[in-house]
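Chains as they are written, first to last, in this note's numbering: chain A, 129 to 420; chain B, 129 to 420.
Quick caveat, the hints were computed from the structure, so don't treat them as lab data.
Don't take every hint at face value.
Note that the list lumps identical chains together, so a pair holds whenever it fits in one copy or between two copies.
Said to hold, decoys possible - In silico lysine to aspartate or glutamate, EDC-like type, Cα no more than 20 angstroms apart, as pairs:
(1) Lys324 <-> Glu353
(2) Lys352 <-> Glu328
(3) Lys182 <-> Glu204
There are 2 protein chains.
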Amino acid sequence: MELIDGKYIADTIKQEIAETVKQMMAEGKKQPHLAAILVGHDGGSETYVAHKVKACEQCGFKSTLIRYEADVTESELIETIEKLNSDTDIDGFIVQLPLPKHISEQKIIEAIDYRKDVDGFHPINVGRMSIGLPCYLSATPAGIIELLARYNINTKGANCVVLGRSNIVGKPVASLMMQKHNPGDATVTVCHSATKNIKEICSQADIIIAALGSPGFVTEDMVKEGAVIIDVGTTRVPDATRKSGFRLRGDVDFDNVAPKCSFITPVPGGVGPMTIVSLMKNTLLAAQHAIY
Amino acid sequence: MELIDGKYIADTIKQEIAETVKQMMAEGKKQPHLAAILVGHDGGSETYVAHKVKACEQCGFKSTLIRYEADVTESELIETIEKLNSDTDIDGFIVQLPLPKHISEQKIIEAIDYRKDVDGFHPINVGRMSIGLPCYLSATPAGIIELLARYNINTKGANCVVLGRSNIVGKPVASLMMQKHNPGDATVTVCHSATKNIKEICSQADIIIAALGSPGFVTEDMVKEGAVIIDVGTTRVPDATRKSGFRLRGDVDFDNVAPKCSFITPVPGGVGPMTIVSLMKNTLLAAQHAIY
């Protein structure tokens, strides 16, 4: 069993990006600039945005954080988005989700100029990904593909089971894994809450990508000997021994599943760090005008 | 075994549309208007476009056919598309594919205003479909979903195998079949040229949607007793007994597979007629400004 070290790969890629940025700036090009809009004080969102700001520093990017209280109106947010759309110094920006209930996330996503949509959530980027055209890939699916590539995991013709059909992980990662591309070219099955024989399907999988948000869902008896397991789950569970009072748990019963696998991602330190790195890669692509 | 009569369902829907159009015009609204651009003289394309023009008549739509010889330039085509984009009398239009090799199909597709893209091929419509937002669904996948709905076929939790991963059938029908929606909510597996154990996967399927363009590919031994078979294949095979010199063959070995099925679509007369009807439905939606 080999542990997929997402943290190490993420650090390596951030160094690669920092090198590229140094080169760009030595050539007199402008510094890549990512902006983030954060609404309210959700604990998870605060942490993610802080990590993103720190990753910008590591990559040599400029970053701007725009904060709003939870009572900001939809039209105020859209006004800010329009300013960022037309601000030529901003290469890309994100609006950290989730948003308060009185704001339509979809409206916000579609207000972002798709050419600056480094989260890859705008319908144009989603559609281009599905068709197989250059686009900003959404961060978590792109991070998973990058891990498979860096560990030289053979995906061609593999039976790949995706657990979950969310718009930000399950559907796009299924789409990427079925493309005629390496990594990709896998036979993909998408399972979800209505799936009847999920144990049986998983036990035939060469690769399982678990993105249900259900701690410990994938158990030993569901996993074939030698399978590759990618665990996208990051649920906060109470843990009195931690200063924070919680720890992150994945969708996989790691201790019992790991011995059966050829490769497995830990939680934390697997997919998580890759997600932020994908955002950095998209920001670099935006600054280089590599896609649009 | 029940035959899924696509022709009958298609005729029924065309009548429904014609009724709606009559009503709209009685209310003083404008007649829905579909335009089609046909380049060259490909036999299949000529037939499809002729069928589309006829379907417009049956639905009470106005139709306009714009023809170009195969040596038309890309920029001439785009100029025409831009005229159609801004022509307020045209509710929707299509460019019949395939196009001659010197023209980029993707460039042409993206030149069409997504609000008039009644073929549903523009990345915005593809992305919105994937996310589950209102959009113009591409015609063949939408026709398949409509057939499943009209025959009350239970898809929730069903194991649905899609053969083929094309951008116009395989990928979008897989996307629709996995949505939390009825029909839909199925456990979807997408198989393609790199799939290793395709027979085994098919033999576990409750629903098979075959869109490979490989005549007779799905044989009796690949099909479970009671399965539902949707055959999207329409390959022209030589047939000296026909005036045309050819007949259409599906991806399914119909004679031997049909007795094992609960439902099956014939070729021709199954999915084919539904594809054109989906285009008519999108044109009606465009005239009603129901989506954009």
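Do the hints match the structure? See the list:
no. : hint              : verdict
1   : Lys324 <-> Glu353 : between (23 angstroms within a copy, 19 angstroms between copies)
2   : Lys352 <-> Glu328 : both (10 angstroms within a copy, 17 angstroms between copies)
3   : Lys182 <-> Glu204 : neither (27 angstroms within a copy, 50 angstroms between copies)
This entry does not satisfy hint 3, going by the numbered hints stated previously; all others are met.
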